[in-house]
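Student: Protein chains in written order, with our numbering: chain G, 1 to 216; chain Z, 1 to 256.
By construction, these hints were calculated from the structure, which means they are not laboratory data.
Be aware that one or more of the hints could be misleading.
A few chain G residues that don't get close to chain Z, going by computed Cβ distances all over 12 Å [claimed, not checked]:
#1 D5
#2 V68
#3 A108
#4 L112
#5 V183
Quick list of the computed label-pair ranges, beta carbon to beta carbon [stated by the list, open to error]:
#6 G:R31 <-> Z:I169: 50 to 60 Å
#7 Z:W253 <-> G:E30: 49 to 59 Å
#8 G:H179 <-> Z:T121: 57 to 67 Å
#9 G:E100 <-> Z:S192: 57 to 67 Å
#10 G:E100 <-> Z:M249: 50 to 60 Å
#11 Z:E134 <-> G:P98: 44 to 54 Å
#12 G:E100 <-> Z:S6: 12 to 22 Å
Just so we're clear, the structure is a prediction, and the values are computed from it rather than from any experiment.
For every residue, glycine included, the Cβ atom is placed at its ideal position computed from N, Cα and C.
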Amino acid sequence: MIALDQVSKSYFVKGVHKVVLDEVSFQLPERKNVALMGRNGAGKSTLLRLIAGTEMPTQGEIVREERVSWPMGFSGGFNGNMTGVENIRFVARIYGQPSEEVLERVEAFAELGPSLDLPIATYSSGMKARLAFGLSLAIDFDTYLIDEITAVGDQRFKLKSRAALGKAVETSRVVMVSHSPSVVKDFCEVGVLLYEGQLYYYDQIDNLLADYRRFC
Amino acid sequence: MRGGVSAQIRVIVALTLRESRMTFGTSHAGYLWAVIQPLLSISVLVGIFYVIGRQSPYGTSLALFFASGVLTLELFNRLSGTLLRAYVANRQLLYYPAIRETDALFARLLLVVLTYLVIFTLFFGGLVLFGLAEMPREPDTMIAAFAATTLLGLGVGSVHAMLMRVTPIWAHVEMVIGRPLFFLSGVFYIPSQMPPEVIEVLQWNPVLHLIEWMREGYYTHYASDVFDPLYPVAIALVLLAIGLGSERMTRRWRAA
Numbered sequence: 001m002i003a004l005d006q007v008s009k010s011y012f013v014k015g016v017h018k019v020v021l022d023e024v025s026f027q028l029p030e031r032k033n034v035a036l037m038g039r040n041g042a043g044k045s046t047l048l049r050l051i052a053g054t055e056m057p058t059q060g061e062i063v064r065e066e067r068v069s070w071p072m073g074f075s076g077g078f079n080g081n082m083t084g085v086e087n088i089r090f091v092a093r094i095y096g097q098p099s100e101e102v103l104e105r106v107e108a109f110a111e112l113g114p115s116l117d118l119p120i121a122t123y124s125s126g127m128k129a130r131l132a133f134g135l136s137l138a139i140d141f142d143t144y145l146i147d148e149i150t151a152v153g154d155q156r157f158k159l160k161s162r163a164a165l166g167k168a169v170e171t172s173r174v175v176m177v178s179h180s181p182s183v184v185k186d187f188c189e190v191g192v193l194l195y196e197g198q199l200y201y202y203d204q205i206d207n208l209l210a211d212y213r214r215f216c
Numbered sequence: 001m002r003g004g005v006s007a008q009i010r011v012i013v014a015l016t017l018r019e020s021r022m023t024f025g026t027s028h029a030g031y032l033w034a035v036i037q038p039l040l041s042i043s044v045l046v047g048i049f050y051v052i053g054r055q056s057p058y059g060t061s062l063a064l065f066f067a068s069g070v071l072t073l074e075l076f077n078r079l080s081g082t083l084l085r086a087y088v089a090n091r092q093l094l095y096y097p098a099i100r101e102t103d104a105l106f107a108r109l110l111l112v113v114l115t116y117l118v119i120f121t122l123f124f125g126g127l128v129l130f131g132l133a134e135m136p137r138e139p140d141t142m143i144a145a146f147a148a149t150t151l152l153g154l155g156v157g158s159v160h161a162m163l164m165r166v167t168p169i170w171a172h173v174e175m176v177i178g179r180p181l182f183f184l185s186g187v188f189y190i191p192s193q194m195p196p197e198v199i200e201v202l203q204w205n206p207v208l209h210l211i212e213w214m215r216e217g218y219y220t221h222y223a224s225d226v227f228d229p230l231y232p233v234a235i236a237l238v239l240l241a242i243g244l245g246s247e248r249m250t251r252r253w254r255a256a
């Protein structure tokens with residue numbers, strides 16, 4: 001279960017007060033793939049970080065009774081001085097998963113070959129995205145949080161990541177931020193619109209997309 | 001979902017391995033250098049005092065007297081300087097919700113403590129081996145002194161780490177605070193033999209108490225007039241409460 005209980009989140013960016021959530025109580029529907037949409041800068045990424053637990057709400061509580069991934073983004077939280085293999089081992093360790101198994105899974109997915117033994121700083125952004133995506137999927141979570149990641153990489157990687165995501169969706173679920181109606185339609189069953197500090201729930205993706213077009 | 005204490009220990013161990021790789025590189029030579037470098041710098045200092053003909057202020061071994069002071073001071077300084085950047089240098093780790101910011105603090109602490117345990121053992125062991133020192137009188141008192149030094153280093157470091165988040169200039173302030181400690185902590189003199197008005201001032205320095213503590217453990221009749229074990233521990237606990245408390249209280253207002 002993932003639920004927000006009277007959650008507010010606001011912060012100051014260079015003196016400007018920004019409100020992302022304003023006293024929101026909301027429970028994500030169980031075992032459903034959720035699309036999260038909203039205007040640029042509405043705070044979708046912040047909301048994902050709140051759900052993941054990388055950021056704390058200013059007020060209220062977030063209940064998280066399952067294994068939730070970190071927000072999978074373009075670059076990942078890699079250390080540029082460490083090699084791909086070292087970064088993979090590190091993440092496997094903090095999540096208590098067997099390093100070798102995770103390493104094998106990432107190797108198979110990311111197709112980085114010998115580059116895995118090079119420092120991340122030498123990687124192109126596409127290579128980093130492949131590693132980040134492969135690493136997230138190599139660790140077992142009940143819910144994967146995805147931040148626009150399907151939009152990166154070459155054609156081959158796009159197809160591959162879509163296939164991998166399709167497979168992950170069979171056993172886990174995703175909560176994904178996306179601006180692409182086709183991606184949202186392909187993977188998600190229900191939707192949430194973040195609009196002016198409030199969350200609006202849609203049990204039909206078509207209704208979500210209609211409101212998204214109207215308000216955002 | 002966080003798996004409680006065992007998960008937290010797992011994270012701290014993973015972070016410690018990561019820190020050690022970043023600090024010393026992947027080779028064993030890197031770690032060796034981390035031990036050799038302080039050994040060399042202390043040996044050079046002892047050598048200089050020896051050449052200018054200084055007698056040991058206490059006991060027969062100048063090297064031992066000096067080492068008991070410098071090693072304790074170095075442990076404190078290293079903790080203060082390393083923990084300073086625990087938060088600002090590890091922002092990318094916050095990408096993973098399994099990691100709390102304070103985990104990075106404790107990982108750095110663990111790495112410095114392990115390194116200095118090796119350094120202490122090698123240096124004192126070497127002095128005994130080469131006949132430059134007796135065996136320590138009360139090893140358990142020395143361990144208590146080591147632990148108290150670690151605690152004060154953690155307390156000071158946790159506050160530095162928070163202030164570092166306010167302004168990067170704090171790194172220079174930390175250096176300015178740290179420099180005079182070499183002269184104010186009784187590294188190369190016996191505090192008890194100083195004039196009362198000097199002792200009056202020196203006794204406010206908690207690091208001086210830690211060095212006295214270490215010597216109380218090593219020597220048979222050191223009998224310091226200044227030493228009070230409660231003082232450095234109390235300061236350490238107050239600073240630790242401020243450092244960790246302020247981290248906890250500001251967590252909700254920070255944007256990652």
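Student: Against each hint, give a clear statement of whether it holds in the structure.
Tutor: Outcome of the hint check:
1. D5: Holds, since 14 Å exceeds 12 Å.
2. V68: violated, 7 Å
3. A108: Holds: least Cβ distance 22 Å, greater than 12 Å.
4. L112: holds, 19 Å
5. V183: holds, 23 Å
6. G:R31 <-> Z:I169: 50 to 60 Å: About 51 Å separates the Cβ atoms of G:R31 and Z:I169, which means 50 to 60 Å holds.
7. Z:W253 <-> G:E30: 49 to 59 Å: Because 32 Å falls outside the window, the suggested range is violated.
8. G:H179 <-> Z:T121: 57 to 67 Å: holds, 60 Å
9. G:E100 <-> Z:S192: 57 to 67 Å: The hinted range 57 to 67 Å holds for G:E100 and Z:S192, with Cβ atoms some 59 Å apart.
10. G:E100 <-> Z:M249: 50 to 60 Å: Because 41 Å falls outside the window, the suggested range is violated.
11. Z:E134 <-> G:P98: 44 to 54 Å: holds, 50 Å
12. G:E100 <-> Z:S6: 12 to 22 Å: Once the Cβ atoms are compared, 21 Å apart, the range 12 to 22 Å for Z:S6 and G:E100 holds.
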